[in-house]
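As they're listed, the protein sequences go chains A and B.
Start counting the first sequence at 2; every next residue gets the next number (my numbering).
Start counting the second sequence at 121; every next residue gets the next number (my numbering).
Keep in mind the hints are simulated off the structure, nothing from the lab.
There may be inaccurate statements among the hints.
EDC-like, lysine to aspartate or glutamate: derived pairs with alpha carbons at most 16 angstroms apart [to be verified]:
#, chain 1, residue 1, chain 2, residue 2
1, B, Lys566, B, Glu546
2, B, Lys338, A, Glu234
3, B, Lys338, A, Glu274
4, A, Lys119, B, Asp207
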Amino acid sequence: MSQFVAVLVDGIVYSSWLFIIAVGLTLIYGVMKILNIAHGSLYALGAFAAVSLSTWWFAQGYPPMGSFAMLGLAAVLVGLVSGPVIERGLLRFLYGKDEVVLVLVTYALFLILEDFIKLVWGVDPLFVQGPNGETPYGLLGNFEIAGLTYPNYNLLLIAVAVISGLALAWALNRTRSGKLLLAVIHDREISAALGINVGLTYFVTFTIGAFLAAVGGALTAPTVSVVTGMGAEVIVMAFAVVVIGGLGSLQGAALGALIVGLVRAAAVHYQPEVELFSVYFVMAVVLILRPKGLFSGAEVRKI
Amino acid sequence: MKTFATRALLGALALGLGLAPAAQAQQKDSIKIGFVTFLSGQAAGPFGVPARLAAEAIVESLNAGKAPAPYQIKGFGGTPLELVVIDEAGGATKQVSEYRTLVQRQGVDFVIGYIGSGDCLAIAPVAEELQKITVFFDCGTPRIFEEASYKYVFRTRAHATMDAVAASLYLLDNRPAAKRISGINQNYAWGQDSWADFETTFKVMKPEAEIGTSQMPKFGAGQYGAEISALINSNADVIHSSLWGGDLEAFMLQATPRDLFKKSQLILIAGEPNLHRMVGNVPDGTIVGARGPHAVFAPPSALNTWLRDTYKAKAGVVPNYPAYSVAQAILGVKAAYEKAIQKKIGSAIPMGAAKNVKEEMQKAYAPPTDEEVIAALEFLSFDTPSGKVSMSLGKGHQAIQGTAYGTTRTENGVVKVGNIKYYPAERINPPEGVPSLEWIKSGFKKTK
Numbered sequence: 002m003s004q005f006v007a008v009l010v011d012g013i014v015y016s017s018w019l020f021i022i023a024v025g026l027t028l029i030y031g032v033m034k035i036l037n038i039a040h041g042s043l044y045a046l047g048a049f050a051a052v053s054l055s056t057w058w059f060a061q062g063y064p065p066m067g068s069f070a071m072l073g074l075a076a077v078l079v080g081l082v083s084g085p086v087i088e089r090g091l092l093r094f095l096y097g098k099d100e101v102v103l104v105l106v107t108y109a110l111f112l113i114l115e116d117f118i119k120l121v122w123g124v125d126p127l128f129v130q131g132p133n134g135e136t137p138y139g140l141l142g143n144f145e146i147a148g149l150t151y152p153n154y155n156l157l158l159i160a161v162a163v164i165s166g167l168a169l170a171w172a173l174n175r176t177r178s179g180k181l182l183l184a185v186i187h188d189r190e191i192s193a194a195l196g197i198n199v200g201l202t203y204f205v206t207f208t209i210g211a212f213l214a215a216v217g218g219a220l221t222a223p224t225v226s227v228v229t230g231m232g233a234e235v236i237v238m239a240f241a242v243v244v245i246g247g248l249g250s251l252q253g254a255a256l257g258a259l260i261v262g263l264v265r266a267a268a269v270h271y272q273p274e275v276e277l278f279s280v281y282f283v284m285a286v287v288l289i290l291r292p293k294g295l296f297s298g299a300e301v302r303k304i
Numbered sequence: 121m122k123t124f125a126t127r128a129l130l131g132a133l134a135l136g137l138g139l140a141p142a143a144q145a146q147q148k149d150s151i152k153i154g155f156v157t158f159l160s161g162q163a164a165g166p167f168g169v170p171a172r173l174a175a176e177a178i179v180e181s182l183n184a185g186k187a188p189a190p191y192q193i194k195g196f197g198g199t200p201l202e203l204v205v206i207d208e209a210g211g212a213t214k215q216v217s218e219y220r221t222l223v224q225r226q227g228v229d230f231v232i233g234y235i236g237s238g239d240c241l242a243i244a245p246v247a248e249e250l251q252k253i254t255v256f257f258d259c260g261t262p263r264i265f266e267e268a269s270y271k272y273v274f275r276t277r278a279h280a281t282m283d284a285v286a287a288s289l290y291l292l293d294n295r296p297a298a299k300r301i302s303g304i305n306q307n308y309a310w311g312q313d314s315w316a317d318f319e320t321t322f323k324v325m326k327p328e329a330e331i332g333t334s335q336m337p338k339f340g341a342g343q344y345g346a347e348i349s350a351l352i353n354s355n356a357d358v359i360h361s362s363l364w365g366g367d368l369e370a371f372m373l374q375a376t377p378r379d380l381f382k383k384s385q386l387i388l389i390a391g392e393p394n395l396h397r398m399v400g401n402v403p404d405g406t407i408v409g410a411r412g413p414h415a416v417f418a419p420p421s422a423l424n425t426w427l428r429d430t431y432k433a434k435a436g437v438v439p440n441y442p443a444y445s446v447a448q449a450i451l452g453v454k455a456a457y458e459k460a461i462q463k464k465i466g467s468a469i470p471m472g473a474a475k476n477v478k479e480e481m482q483k484a485y486a487p488p489t490d491e492e493v494i495a496a497l498e499f500l501s502f503d504t505p506s507g508k509v510s511m512s513l514g515k516g517h518q519a520i521q522g523t524a525y526g527t528t529r530t531e532n533g534v535v536k537v538g539n540i541k542y543y544p545a546e547r548i549n550p551p552e553g554v555p556s557l558e559w560i561k562s563g564f565k566k567t568k
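Using the sequences and the hints, build the whole thing.
Listed below in structure tokens is the structure:
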């Protein structure tokens, strides 16, 4: 029983982490039809910025709790700078091109950003640590469940995942701009003809997506040693989640993250040998039964 | 007798006849060494870049003739060295083509390199095909010389079996009651082999051993929440881990607040390079190794001091174990190269035969051929900053050396390694011709 509870808790924590990263990816694809490989780099940028800012914060001798503000600041900075720069400086010239071209472009961007990170931060792994070895990960204290100790930081992850998911769902379905966005998703040309500012919609969507990637990175930073190449590792998992859920679907990303998280946690606890394989096995099964993922809407055929 | 007399005569003659310039003209301007190490990716920070800094510092020092005996001659046998550094990142297929470029276009004289076991396994047959002396300095898999034999390929460090055997010995020497073990290792050759060797060794040494859980997260996984829960639930006395670099740090950062190490002692097979970085997150009593008697485990000697000072002048910090591995490789080739020169001069035709004096002289003073260097390096025993290294296994191509383990203690914000115990090479390495795993299963039999 206690092991089952552990699987649930571990699975939900991991799902939350995955969801925060995957939701931005699926949002950008849903609206812009761009499979943004550079999402992994934005995640890494968020993580590196978070480490730099919190390390600076600790070095000033400010109260450790303030390091959380630095994590938030890092996500905001990375999201608000890189999102607009990439969208205005690069992607807007390529709208209407084939999806494959855009995958290649974002892949190129991914490579450039990886090298940019190397130039700025070097190749040594970096992690956040205060003068007495304290990390934001341990600062919030622990909770105990089923005989296992978990840092409360995990609750923060779950909260951020739930809040960002609900906020996006609300904004899409219950606000005017959300409805306009859905119209753009449905048909870009007709929306433009009806007077919707498609360029602005794309700009805002991409910036939000980039911000979510950076949030994922900033929240991950205190729990790991940030290192070049971390973006590549995470983008693979995020793709698995998004593909299981159905590209472009918000509920899909949530369900996909939950499935991947729980399956992985169950594998780790009951059959560690199949852990690596389990996630892809689930993905294969889902794709055999529903080739477009769990929540793919019917595609409108265009002439 | 003959050696000394001949050399003296040849030397005198060379000076007398004014042949010295001619003999020198035959020497190359420099010896080019292709050096392959991770300059990007996960392994760059903890291993690759320190290795590169060490190689550069050592080559500069050797070229200046500043190394202590027996390596005081400049470069290799008086010829200065030149490094061509290549990034090891990108996987085995890419490395094979990089290797071909290095050998065929750049025309290097030796290749020293490779940290990844997969890269070593892929490069070895290609080195043989291109007939280029290639020395692996850091990769660990025992398979290279246990599953094949090579003429041009050498490895100047002991393979990974010794790390597992010594870790078991150290654990049982210090904590004879330890019985239940769990592991967390990366899911690729290094992590799998490390766990398999340790698990088998421990079971042989302690028949009533119990295995809790063996976790194999993906390389670079980053999130270890579920693995840590499983490790806590496994109630192990000891947790074995060969994690390294960023993965190791992520694991420690996530496991420490969860009190895993209050329950279980930790063994870090390759933990040494990370210790000084992780003050506050390395629990006291953690058993650490450096995959050989390197860095904090290196015995005091003039060579050790030389490496520490040379490296520190270049990098600003003290060398970690990959830096010591590099020193073993470069000094090993240097020892062999100079031994080959000595042998050649020693066996030159004595002056009594006044025939073909000039030709014989030129032959004796020409740089040693690959064949001669190979013959000299096989079964060579040489001094390194980490003590004596012997090329005893794999028909003289695979080194063995002793190793050491210690236990950590944090004092005044510094992680110190105490209770260091050394294990001699013969006790922890298999005999020639016996595959590692068979040797362990046989109960560490000394002979075939």
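Here is how each hint holds up against the structure:
Using a Cα cut-off of 16 angstroms, the hinted pair Lys566 of chain B and Glu546 of chain B holds, with the two alpha carbons roughly 8 angstroms apart. Annotation: proposed proximity of Lys338 of chain B to Glu234 of chain A holds, straight-line Cα distance about 10 angstroms (limit 16 angstroms). Restraint check for Lys338 of chain B and Glu274 of chain A: satisfied, since their Cα atoms lie roughly 11 angstroms apart, inside the 16 angstroms limit. Simply put, Lys119 of chain A and Asp207 of chain B have alpha-carbon atoms about 14 angstroms apart, close enough for the 16 angstroms limit, and the pair holds.
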